[in-house]
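Join these two chains into a complex; the hints should help.
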Amino acid sequence: MKKEIISPLSASVRSGNDFYSAYPLREWALVKRIKQVVKDNICGELCSLRFTWQKPKKDASSEEVFLYETLAGLIDAAWYLANAPLATLHIERVPEKNNLFALAMFKNEVAVEFELNECLPNSMPATHFIKANFKNGHVTNQPLVGHFNEEGSILANDSSMERMVIENPDWDDCTDEIATCERAMMRAIEQGAYPAGALHSVEIINAINYALGLNKIIIPVKEAV
Amino acid sequence: MKKIDILVAGTANPHIPFYLDGRRDGISELNFLAVSDYDSKRLDQAREAMKEMPQVVFYSDWRKMFDAHPEAEAVMIGSDNKYHFEMFKEAVKRNLHIYSMKVISMNEEECEEMLRITKDYDKVIQIELELHFSPQFQYAKKLVEEGKLGKIESIYLTNISQSPINYFPDWGDPELSYGETIPMKPGAKVCRGGGLTDHPHPFDLIRWITGQEFKKVFAVSAKNQRDHLRVEDHVAITGELDDGTKVFINPSYSHLEEQVATRRLLWPKSLECNLKITGSEGYYAADYYDKHVYIVGKNFVSPDRLIVNGSGRVKIDKNDSMMASFVACVRGEREKPETTLEDGIAAIKVMNAAYESIYNNKVIQIKR
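From first to last, the protein sequence lines stand for chains A and B. Numbering (this note's numbering) for the first sequence: 1 to 225. Numbering (this note's numbering) for the second sequence: 1 to 368.
Bear in mind the hints are in silico, worked out from the structure with no lab data behind them. Hints should not be assumed to be uniformly reliable.
Claimed, not checked - Capping the alpha-carbon separation at 35 Å, the derived lysine-lysine pairs in DSBU-like fashion look like this: (1) B:K89 - A:K131; (2) B:K82 - B:K185; (3) A:K131 - B:K223; (4) A:K32 - B:K189; (5) A:K57 - A:K131; (6) B:K141 - A:K97; (7) B:K41 - B:K89; (8) B:K141 - B:K298.
Chain B with its partners taken away, still in its complex shape (with noise of 0.2 Å):
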């Protein structure tokens, strides 16, 4: 089957690097003709990466980029969250499937544009929210789907990671991540945009595992560990669903980093994402690492320390990652994207939420 082409706007995002050297599933299915980014060295980057693709076109401009490969049937947005929004305008008005990196934007003005603009829209919009496919999360919905947990009381997620302040160019930017300079809480130097804006995936999978919107949030925000870091890196949020359940989420950086200028893990877990729920009938939990091993090597990611990864599953079905599910869907082979534009919408209007919690140090209840 003809592969699909696309274009790649932007390669900020940090999930990006996997794509474009083939980690990611899925990525067999895709034709890359170009990637842009205004940054050289992230550029470069991009190149070594696709060294083994000649194929491939770079550009320091997305706009060229565009004019450049009429025949694009795709884009993937990974630019600073800042620009996707004028990225996902034009490849609307140029008919692309898109598939963005999250999140797609933490202004809910242009949140509200992009859901007008796409309204009819007839091709495909996926937001990579990529933990959907998870087995154990999926297992945790079909647990609370078939009523074997009771009546859900609590849930307790955390997505807590290191910072990739150190190692990835512009990170930590404030203006672009959050999209403009907003201290978390009056007169503070520390601004949104960091460990909450990264993570969405806690917020999206409690809806997605409850199918229950929040209704409420109240949070918290640490000093920063980090003293160079501009933008917060530890959030606590308590809440509740519409149903009454309580919720606990942590979308921090609270694992630290090596101040090394590449990814050298401190604590030796990059990432900690434990579910929790809590049922009338009964309890489940699960990590991210739930077939976990501890590598130590000179040759791993974070040489030469102690590291707490995953050992991967057997897949049984080809569109079984958040990729294969977007190819599927533009081919016509499934109907909708696993993780929509109103699924990262939504997301980020309970991230907003826990912002102006923390601002105004007050419970806020969520703008529907």
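Looking at chain A on its own, in the form it has when it is part of the complex (with noise of 0.2 Å):
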């Protein structure tokens, strides 16, 4: 027998069960990961979630699929996961854009947040996670640092993406980390706060010429004390 599969918008306007109601996210791997711990009692009760969607702007929806597919999905996921009925839900929207903040309560007092964003410059992956936080502790597919689980910020256009660690605002080469360290030897040492002399360029330069086997011993390691 053929299984019809429709859309979310479509099933709000239909009645009975011969169909199935298109809510991929449902078997997102993460998803279901939740609802075991949940089910599981890993964590104990869950309390909040948030739904981060972010896509660059090339691969952007329909504001449709936007709001009634993608939109309605996590709040589906949402609900599925926090196991209760709806209660109130409020969007902040961009006008006209694929980008917005949802909040959400369900009756059993789980608070749901979404960001969905479908325009980040194209230069930028498309990124999808989701936290969920219990009374008992935590699961989430979420970077623990920043926007990727790297170091540094992030400065992004269509045409490209930037890495950066700002050590302070007004210095043009934020985006190399070891750039910086020069910009601080060389301030250390204006202020007296770097020791002079060779320090331990002997030893150095000797032990590498030594392990490489190469002629070169300035002096022999054991005496460069």
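Structure representation (structure tokens):
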């Protein structure tokens, strides 16, 4: 028998059980894992959820898909996890853009935050995260640090994306963490906070040459104290 | 140059220990005269932190401390929020420079009174909103001001931490924190005075970065993760600025800590302060821990756990910290504090609107 699968928008105006509503995010492994954690009582009671859905604008969907499939699908996933009827939904949307924040409350006082942004510069990849906060733990695929779980800030436009390390906002070379070390060294020297002299240069250079078997020993390592 | 003679009125704020034990930048320009706290445990902690400063006198009554030290030039107000107002008024009466922990007061009538009595005040008043000195947020402000991101369309900013409820004396009391006991929702046991009251930074940072005021907010609060906490541990807010920019803010205690009497994180990051700005021409994302390290150490502040921490920064300006900025103002080297009483109060108005939104489950327009 043919299985009819229809969009949430179509399903909203149809009755009966002779069709399926397309909520593929119910089958997202992350959603299923959180559901299992709830079922197994691994982290206690679920309290709040945050959904992060970000895409570059070149991959943005139509407005109808964005609102009535993506947002609807994320609300359905939240409902599935909260396991209680929706009580409140508030949406703040950038006019005419696939960019919105939404807040939902379910009857059992589970709060859900939605960040949906399909207006990222075209140089950026999509990211999809959920963070679930429980009374006794957390479940998430969200980065621990920053946008991609890597150091620094992100500055992007349609043609490029830079990972920046901003030591000081008026420095131009924010993209290179090691270049800032050189700046810092120069400053430390100016302030007298950096030791003068060869430091361990002799031992280090000798050690490298010795370890490589090169006949360029300046002073034998054992004599360089 | 002569150090600034300063009093510390109350040690309830979790940032105060950083000043007393010298971990905050700019402290070397201060001469601590005295510290007060009515809570003997907190006062003992202050004594321990300042054991290398024999000149410091400790008081259980802040009024007696003020009376005993007419030579003081400044006061650091760090008590429970409820007592900030009385301390502030007394400091003004004594013509002291004021460095106050946030929030200055969640009572807006008190806020208005503070503005009124300091309208022509010739001393410095600075509120501790220290994220102004994080270079990645300074850079965000620069990008926005220079138009590098185009028209700003949306801003996402979190200020999520653990709760100090288990290890900080008297923490989580709605009366002490919010100033009065007001349930989050009609009939609720959980009251105002938690994560939202404790985290004014996002409201201040968004105003500072954009130069825009908040127009309206809508907020929700989940059931508490911590059953023993009498104040809210989750709030999420959406809103709009005057220029139509959409905002999302989460100022919660959503990162769990262990149920022990010391600071021991469960979620391995004490602070999630993530900023994302979407503009018509570009995108910028920054994390408070922008140069992160992972530390596991038996003597680390949260021992024997993998903890995300920052690795510090290179400072090129000696005034590049909240306290150094205050000191520069006191000495007349800087005209205006980095974060003023007006800034602190503007954030409070948005925060109270968020509380009102949660209570009434509706959008609240910000009062001007």
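Here's how the hints hold up against the structure:
1. With a C-alpha separation of about 44 Å, the suggested pairing of K89 of chain B with K131 of chain A is violated against the 35 Å cut-off.
2. As the CA atoms of K82 of chain B and K185 of chain B are separated by approximately 21 Å, the hinted pair is consistent with the 35 Å bound.
3. Distance restraint check for K131 of chain A and K223 of chain B: the Cα-Cα separation of roughly 16 Å lies within the 35 Å cut-off, and the hinted pair is therefore satisfied.
4. For the suggested pair K32 of chain A and K189 of chain B, the alpha carbons sit about 33 Å apart, so the restraint of at most 35 Å is met.
5. Taken as a hint, the K57 of chain A and K131 of chain A pair is honoured in the structure, with Cα atoms around 24 Å apart against an allowance of 35 Å.
6. For the hint pairing K141 of chain B with K97 of chain A, the CA-to-CA distance comes to about 24 Å; that is within 35 Å, so the pair holds.
7. Taking the CA atoms of K41 of chain B and K89 of chain B, the gap is near 26 Å; set against the 35 Å cutoff, the hint holds.
8. A distance of roughly 39 Å separates the Cα atoms of K141 of chain B and K298 of chain B; the hinted pair therefore is violated under the 35 Å criterion.
Checked against the numbered hints given earlier, the structure breaks hints 1, 8 and satisfies all the rest.
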